[in-house]
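Asker: Chains as they are written, first to last, in this note's numbering: chain U, 1 to 651; chain C, 1 to 449; chain Y, 1 to 110.
Each hint should be verified, as a subset may be incorrect.
To be verified - Derived PhoX-like pairs (lysine-lysine); straight-line CA-CA distance at most 20 Å:
#, chain 1, residue 1, chain 2, residue 2
1, C, Lys254, C, Lys226
2, C, Lys115, C, Lys226
3, U, Lys289, C, Lys214
4, C, Lys302, C, Lys140
5, C, Lys249, C, Lys226
6, C, Lys140, C, Lys366
7, U, Lys289, C, Lys115
8, C, Lys272, C, Lys366
9, Y, Lys74, C, Lys86
10, C, Lys140, C, Lys226
11, C, Lys176, C, Lys115
12, Y, Lys10, C, Lys86
13, C, Lys86, Y, Lys14
The hints are simulated quantities; they were obtained by calculation from the structure and are not laboratory data.
So you can see what is in the structure, the chains are spelled out below.
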Amino acid sequence: MSAAATTHDHAHDHSHDDHGHHEQSFIWKYIFSSDHKTIGLQYGLTGLLFLLFGFFLMLLMRWSIAYPGIPVPGVDFIRSLPVASGIFEGMFGRWLNTDGSLNGELYNMLGAMHGTIMVFFGIVPLGFAAFGNFVMPLQIGTIDMAFPRLNMASYWLFFISGVLMMCSFFVGTGPVQTGWTMYSPLASTANIGVTSIWSHGHTWWLSAMVFNISASLLGSVNFIATIINLRTKGLGWMKMPFFCWAMFVTAFLLLLAFPPLEVAAILQLSDRVFGSSFYLPTGLMEGGKHLDISGGGSPLLYQHLFWFLAHPEVYVLILPAFAILTDVIPCNARRPLWGYKSMVYSVLTLGFLSFLVWAHHMYLTGMGTMMSTYFQITTVMISVPSVILLTCLMISLWGGSIRFNTQMLFASAFLPMFGIGGLTGLPLAFSFIDLAMHDTYYVIGHFHYVVAPGTIFALFAGVYHWFPKFTGRFMNDTLGKLHFWPSLLGMNLVFAPMFIQGMAGFHRRWYDGGKYFENTSGFSNWSTKLTHEIGAFFGLNIPDNMLSLNIVMSVGAFILALGQIPFIINFWFSLKGGKKSNSDNPWNATTMEWATPTPPPHGNFLFDPVAHRGPYEYSVPGHPTDFYPQWESEPGKPEIKPAADKVLAHH
Amino acid sequence: MDIPYTVHARPDTGLYNAKIGIWLFLASEVMLFGGLFSAYIFLRVGADYPWPVHDLDVTLGFVNTVVLIASSVTVVMAWAMLKLRKFGLYRLNMAITVICAGVFMFNKSLEYKAKFAHYAVKLTDGTLLTGHLPHGYQVKFEGITELNLTVPLKKSAVFADPVGYVLPFVEGGAAKFKTEDGKEITLDESTFTALSAEAVKKATEAKKSQATIKLVATSPLKVAAKPSEIFGYTDSTLTFRDGTVATGKLADDKMTLEVDGVDARGVAQSEKSLAFDHRYLGDAWQKAFVENRDHHFEEFAKNYPTRDKNRSATLQKEALFFKLHSATPPAAGEGHGDKHGAEAHAPAEGHGDAHAHHPTVVLEKKDITFFSNFTPKLNTYYAIYFTLTGLHGLHVVAGALVLAYFLLFDGKRLRQDPEHLANRVEVGGLFWHFVDLVWIFLFPLLYLL
Amino acid sequence: MSDNVEEIQKSIKKYLFIGGLLILFSAITVWLSYVELPTHGQNILLGMIVATFKAALVALIFMHLNHERSVIYKILAFTVVLAIVLFALFIFSHEDPLVFSGFYTPSDQL
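Please build the complete structure, drawing on both the sequences and the hints.
Answerer: The structure is reproduced here in structure tokens:
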């Protein structure tokens, strides 16, 4: 560690048990830090805030779907507040109908921004950047990332991109309304007559994405270089925790899939700003008038470039979830990870195959039989490694003595939830089914089951699991359970009815939830009857048709929202008031992040860690304890003392 | 705290960190340019117009190729000299590299500038005229008596801003108007602010979503604006980009073009192209065109008797894309077989005496379907050309900045830790070679094939 | 990487030679593009072959890919495969559109 100690700043010296690392001023320690842990936390907090914001957008949408034409509750209250009213008016208020209800225009904005924010600003920063940054260098036993300053640049580019994206709410035409996919030609020509290109949200969206992509590229270069070159002594590739493997593959996906999106964004920007026709076919008309363009381009070009990114992006969303679970599940089941090697090879195969399947999002574009056959085959193929990953996690539970703490609850809920998401995706792999299901709520249900109760549950598990390492304190378990059960209930209430509605043909872009599509929404089945009966039990008059499911989903969303309150309280309260962890390895885990002091100082380790064995040596026969950490040279001679029993007494 | 393996290689991988980093970055760059090149292919195979071949200045492109290759040699030499600890030669080679980058960008700017001053006009029958606009092109309105301004009450993308979007195009001095309540004002920033505030107040009271202001000009106004500066027009109304509508009379929207090329490849019977209408180039030029065309067809039939003349893109271009090099049609038998592109003769300055060499036509608006200068708007070829070369140019600038930084500001490292600097130069050099490598593909794809 | 002083000394001449070769081949590309081959596609193919050869020279000699570490080769091999996928599938999907065979009418059943 550097001997160049700067002034000791007691005011911000939060941790008294820090192990003698040098002190820096607040700005350099917490804002412009090049330390991977601080950057990880910055990413984490920003990501959580964006998740919350994206969720709020979804609540507004759900209100409009369940109660079209009815004023959003609380609007008058917000409008009466002094500062908030201005912000609310600038972001949403000016688009609401005069009575305070939503209209299609605002719904489209919310939809586009919900998708963008959740994917690019919520889950990727949280799953990949936050957990990867914090945990990965610790697990491979290094002092920092390979390029610490690049790492800082990565976070701040991401921050700028977030600011630009939020700015787009306040500009003239408001944020983009063309879905998170920004399909051209609509996205290239929407509101093209505005006075200034900067008064259109699209320009801001594209600029923000350019920054976001640059940040991802820097981050992924850093991750890969770190994993290749900075693994500690003894940590061969096949001794590396699966967490690092998953991050490694994710980083490759980001590295190689994002540039085509950058191309797509640049070409679209050129279409909008310079009037080129990359995505605009000859003879394109709008409002009965030929546009002043040369034509000759192709909207398909955009879709190809976009989905070349966006399919690997799906695995960027899900692999960090698997990464987290492979630490949480073996640790809490006290069993080694089942099939470590097959998981590693699966994740590598998954990473490669994910680049070959993108056009299954484009069956509806008039693809010939040869191409669609090819993409159907690769799509079905890619489900095999996904199933292997999930199965290995499930088998890892077999015969374990499972501790059902909060992170394990989230982790074990992930398994069936992701299973539902994955299995409902299988039919969509076939073009003849997809043609009917395209853009219905069935698709929405499918990928939300993968990402929401899937990835987000895993992310929560990760927060609960590593919180003692971040802070030296535990999160409260009771509040954690209060967080888990409503979340599980809410998630399923929101997403399960989507399958039923989707089969009935409900389209994802109906801001009124199908109210004006009587042929689609007017019939009933068991689910609507059930809803009707339950409503009647509580004295509510819920109609016995498909629209009733909208109400179920909105109630689910509301429960989900309430369920996050314990988490927020728990998170902030536990930072200062949580139960102290008196061990550096409170969960008795085996991977190397638990060999560091708590919280890990700048430079991480107090000794030079050496990996003596594989990462999941739980319940090794003949070993005195039920875990055998990677860094211990021989039994009974641990460099780090094991956790006191009382820490785990409440399990 | 020092990150391991920044200077010396890790034994088992044999690499220092930055080298892995730069190769990973280059891998993502491969995908970036891969995406752009596949866009190029996609656009080219899907093009519904003859893809331009040899349309750019090949000489300039070739000079740039040589310059870039030379800089690639010098940057690897700089690294070798640093490894040999010959610091003087290192500096020399590095300096040449940076200068080469400057020359490359200078040539590029010449090329871009010539494009911006050169126009193409598509006529209703598919003929494409290329040439220069000696006086620019403006839509002129006269007798404008009334302005209708719209001020939305909520923040919106289009709101009345006559000071920014109307007044700059009004000819003559300060415009005077009468408001609805008979006040006479000179329209400027402050009077408009007061007016709109009043109108907004009224509209709010009346519970309307937008306020309208009607201004009557005290004396009829004249307006002249480029089509890009206004939103649209009819014979009697002119809509500005801020949504303001002026009522008046269309005076002139004819386009004066100095024609230097007639591209009749899009016309079924090329000799009947609208360009040879009696109002435009006329019979004499038509004769010259037909003569030139038939001459090329005959030559081709003689040289390649087995080939189909409709399938040779080069022949189609030479025969049907007729270049005009004089103000009047050449006498019979002259002016055959020139192989030069239009650009070779287009003066880089844009305007000048050279224009006396081209005939001038005055095109009527009803005959024009589309016009643009040689910018991304013109067609997908120029769109991808500007995007590819522009992004490549950005890479050149970025690479040159990094190398210049090593040359100018890394002297301390040069004295104290030349090995580390050598690593940095190697990494910077790898990026530079990659930029060269991209150009190796760009040059034939855009300039030659 | 050759850190050996003698080897670097020797390679300087090689760099100059390759530079000259690259310029020569650039000139050849320009010349080839004016040759009227049976189809323009053959011109493109020929031009691309020369360009690929030049690119290979730059990558192998200037970028030292002729003696690089295996990690770099693995990364690049993966990237090149994906870049080819990008090209190939774009072209294939362009060449294989859904053929529209007219609206279905009940009389088609007969």
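Asker: Against this structure, judge whether each hint is valid.
Answerer: Going through the hints against the structure:
A distance of roughly 12 Å separates the Cα atoms of lysine 254/C and lysine 226/C; the hinted pair therefore holds under the 20 Å criterion. For the hint pairing lysine 115/C with lysine 226/C, the CA-to-CA distance comes to about 19 Å; that is within 20 Å, so the pair holds. Between lysine 289/U and lysine 214/C the alpha-carbon distance is near 28 Å, which puts this suggested pair outside the 20 Å criterion. For a cut-off of 20 Å, the pair hint linking lysine 302/C to lysine 140/C is broken: about 52 Å separates their Cα positions.
At most 20 Å may separate the alpha-carbon atoms for a hinted pair to count; lysine 249/C and lysine 226/C meet this at roughly 16 Å. As the CA atoms of lysine 140/C and lysine 366/C are separated by approximately 16 Å, the hinted pair is consistent with the 20 Å bound. Annotation: proposed proximity of lysine 289/U to lysine 115/C is violated, straight-line Cα distance about 29 Å (limit 20 Å). For the proposed pair lysine 272/C and lysine 366/C, the alpha carbon gap of about 18 Å is at most 20 Å, so the pair holds.
A hinted pair counts as satisfied when its Cα atoms are at most 20 Å apart, and lysine 74/Y with lysine 86/C does not qualify at roughly 34 Å. About 9 Å separates the Cα atoms of lysine 140/C and lysine 226/C, which keeps this hinted pair within 20 Å; it holds. Between lysine 176/C and lysine 115/C the CA atoms are separated by roughly 40 Å; this puts the pair beyond 20 Å, and the hint is violated. Distance hint between lysine 10/Y and lysine 86/C is fulfilled; the C-alpha atoms sit about 15 Å from each other, no more than 20 Å.
Restraint check for lysine 86/C and lysine 14/Y: the C-alpha separation of about 18 Å stays at or below 20 Å, so the hint holds.
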